[in-house]
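Build out the structure end to end from the sequences listed, making use of the hints.
Protein chains: 2
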Amino acid sequence: MTIFIENALMPSGKKASILIEGNKIEAINPKEKDKGDVVIDAKGKAVMPGLFNMHTHAAMILLKGYADDYELHEWLTNHIFPVEAKLRSRDVYYGTLLACIEMIHSGTTCFNDMYFFEEEIARAVEKSGMRAVVSKALSAQSYKRAEAKKAMKKLSGFERVIPALGPHAIYTTDEETLCDVKELASELNVLIHFHLSETKKEVEDCLKEHGKRPAEYLADIGFLDSKLINAHCVWLNRKEMKLLARSDAKVVSCPTSNLKLASGIAPLKEIIKAGITTTLGTDGSASNNSLNMFETIKLASLLQKYKHFDATALPAKQAFELATINAAKALNLKAGAIKEGFLADLCLINLKHITMVPNHNLISNIVFSAEPACIDTVICDGKIIMENRVIEWEEDVKEKAQRIAEELVSA
Amino acid sequence: MTIFIENALMPSGKKASILIEGNKIEAINPKEKDKGDVVIDAKGKAVMPGLFNMHTHAAMILLKGYADDYELHEWLTNHIFPVEAKLRSRDVYYGTLLACIEMIHSGTTCFNDMYFFEEEIARAVEKSGMRAVVSKALSAQSYKRAEAKKAMKKLSGFERVIPALGPHAIYTTDEETLCDVKELASELNVLIHFHLSETKKEVEDCLKEHGKRPAEYLADIGFLDSKLINAHCVWLNRKEMKLLARSDAKVVSCPTSNLKLASGIAPLKEIIKAGITTTLGTDGSASNNSLNMFETIKLASLLQKYKHFDATALPAKQAFELATINAAKALNLKAGAIKEGFLADLCLINLKHITMVPNHNLISNIVFSAEPACIDTVICDGKIIMENRVIEWEEDVKEKAQRIAEELVSA
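Quick mapping for you: the protein sequence lines, in order, are chains A and B.
Position in the first sequence (from 1) plus 33 gives the number in the working numbering.
Position in the second sequence (from 1) plus 33 gives the number in the working numbering.
Think of the hints as simulated: they come from the structure by calculation, not from any bench.
Note that the structure is predicted; figures quoted are calculated from it, not measured.
Certain hints may be false.
The list treats identical chains as interchangeable, and a pair is accepted whether it falls inside one copy or across any two copies.
To be verified - Straight line, CA to CA, 25 Å or less: simulated PhoX-like cross-link-like pairs of lysine-lysine:
#1 LYS302 <-> LYS340
#2 LYS433 <-> LYS48
#3 LYS272 <-> LYS416
#4 LYS302 <-> LYS160
#5 LYS47 <-> LYS433
#6 LYS186 <-> LYS76
#7 LYS177 <-> LYS260
#8 LYS340 <-> LYS233
#9 LYS340 <-> LYS234
#10 LYS385 <-> LYS160
#11 LYS385 <-> LYS433
#12 LYS66 <-> LYS47
#13 LYS302 <-> LYS233
#14 LYS272 <-> LYS302
Printed below as a string of structure tokens:
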């Protein structure tokens, strides 16, 4: 299958045509005007790489708005865990699909997920047309190497699914588990998705238990690695940043969730300066309560300006890169930019949408002004998964998910 | 004209019908089922009061994205002021109308504006169907009492326009001007729209020049008053809060703009606790770059949670009130809630929009999840100004405004 996009405004500000062949961008402004099987006239539209949401618990969208404005411990213990205990595989399938609807509508083509029932998540990814890292969620209690190995094999059988191991965090695992997970990840060449240094309490508890800060502890047990993707990293200090940089471990900042749960503001500017591959995520919808990456990109930039008392900190272009090219790098994908040979994961933006008028600077409008509704068409892996704001299967999933959500919270 | 809305989900979580007569909500669940001239079946929709955007420079939307990521002084002097010097009355008319499109689409029915060419702003308000406070922007240089008086008279002739005097800030006015403005406002019974304590520099300069902090200075010259609406108030201390509370002066927090220009986070929780009528605004689009009040309400709540290291701070319901009932109180309007006898300024929300699914808690979804695209229909002053996401006159205005914006920044 080939798709030929004409007259699209590029992030550079120039107009171009784009030829997509299979799942790749074959050519920008091809000399021979080979039209594709599908021709899209993008007049009045701009093209941007699909966004990466690098930390999600997608199916938690079922609990969106169910318990807000609580302190973290009460939130988890009295509200989230009791409902999660009732989750069945079917719920996770429809919850993940519901999240995919929100992500596609807001220009996201790839997400990095961690939740229960990983096979159902993978099935939802396949159905949605999106790309995703799907990890097997693990704790010290639940981890069994043979099972984890089997899960990785199963996940690798799904289309557009990148398998990963998901040990939850230092406070829900132990040294033995983490070392074994690391060994298995190396053996199978899969990613590790982890929560690191999200709260001050995590750091304090780690200092008490191990006499060192979380990233130091992980370095000492040999857990740090280029395949390790660390969500949050709100409380890293300079020494820990150096350790992460040296091992080429990755960082995902989740600014909205970190504010909502009163965790803090990550030292993003310093993390980037330390040479760490840095990206962005929303976290699950229960602690955000949105999967809108435009909001996350904007907030990431704004919070660094605030934190450094410097309006020039984390400017638009750099913030945009966190959610595109940097994330692709973290996943070792040739993606995240509109370039020949890159994965055809991209979106068309309606330039007549109110957030794009006037259009003095496309990147600035995308970062500081855009709303999901400006996204007109989404292509992932060379296939159109949303056209003119319509995802074919969405109404049915919304109805089913609404019913499932109601059942979950009823006694 | 009467409008009868059936089957609408209320913020309370119950379904109701609403009878609108003239510009007021005549009855909730009227006993006689008098149908209106227009009947709206709101099945699958919720109703909420229209949002108030309490600090705007609406026409600055023409400069959205033109100059981002600059330090405040450079931003103003080298980028904003030179372009503003070229503004003509026609530009302000179309710029304001463009801003009205964005505000209506995101559920705002009333805004509090301060910019040049106030008559053109009032003309745009009239055309848009929205309600607005339109102030005459004033500085020590530009203020002439007779002119200001004439402007108030003219503004009071426009529909749905509340006239106000807009002395810019302490650093662009002087004691004589402020005292005269206050006297005139009392004489004519009009509001005063002011910038107060936006930056640390403003406070430091005031301390240097007057030996006291901005609100103390204003109290001492007798400027504080119940008709005074103070935008920003990022750097108020407790003593200043007491002074504002005692005089019943109002506060408008603009959290997004305050982050973007690296001004700081307003002590909103303390301001509210001091008993001050507190509301929210976006500020102009050049320093935000959005007029989306959903974003502002969410950010206001999230920043207080962060600032107080307390996930329970400024919960959803209270944050929502800042942008509705509190704002109506600040303007002395019987509005900002769906109640009998209140102004018929309200919105219908599409409950099938992805941000509203699932719907465990409507207020929580509105505050933490909603995107403008969930707004389906907007009624202001008893008239439908947007129906099924369509504002009749918007395409023409977008085209004209885009052209004007391009002309403005071209040399």
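So, going through the hints one by one against the coordinates:
no.	hint	in the structure
1	LYS302 <-> LYS340	both (10 Å within a copy, 20 Å between copies)
2	LYS433 <-> LYS48	between (42 Å within a copy, 22 Å between copies)
3	LYS272 <-> LYS416	neither (44 Å within a copy, 61 Å between copies)
4	LYS302 <-> LYS160	neither (37 Å within a copy, 45 Å between copies)
5	LYS47 <-> LYS433	between (43 Å within a copy, 22 Å between copies)
6	LYS186 <-> LYS76	neither (44 Å within a copy, 47 Å between copies)
7	LYS177 <-> LYS260	within (20 Å within a copy, 68 Å between copies)
8	LYS340 <-> LYS233	both (17 Å within a copy, 14 Å between copies)
9	LYS340 <-> LYS234	both (21 Å within a copy, 17 Å between copies)
10	LYS385 <-> LYS160	between (31 Å within a copy, 21 Å between copies)
11	LYS385 <-> LYS433	between (33 Å within a copy, 12 Å between copies)
12	LYS66 <-> LYS47	within (18 Å within a copy, 59 Å between copies)
13	LYS302 <-> LYS233	both (19 Å within a copy, 22 Å between copies)
14	LYS272 <-> LYS302	within (15 Å within a copy, 35 Å between copies)
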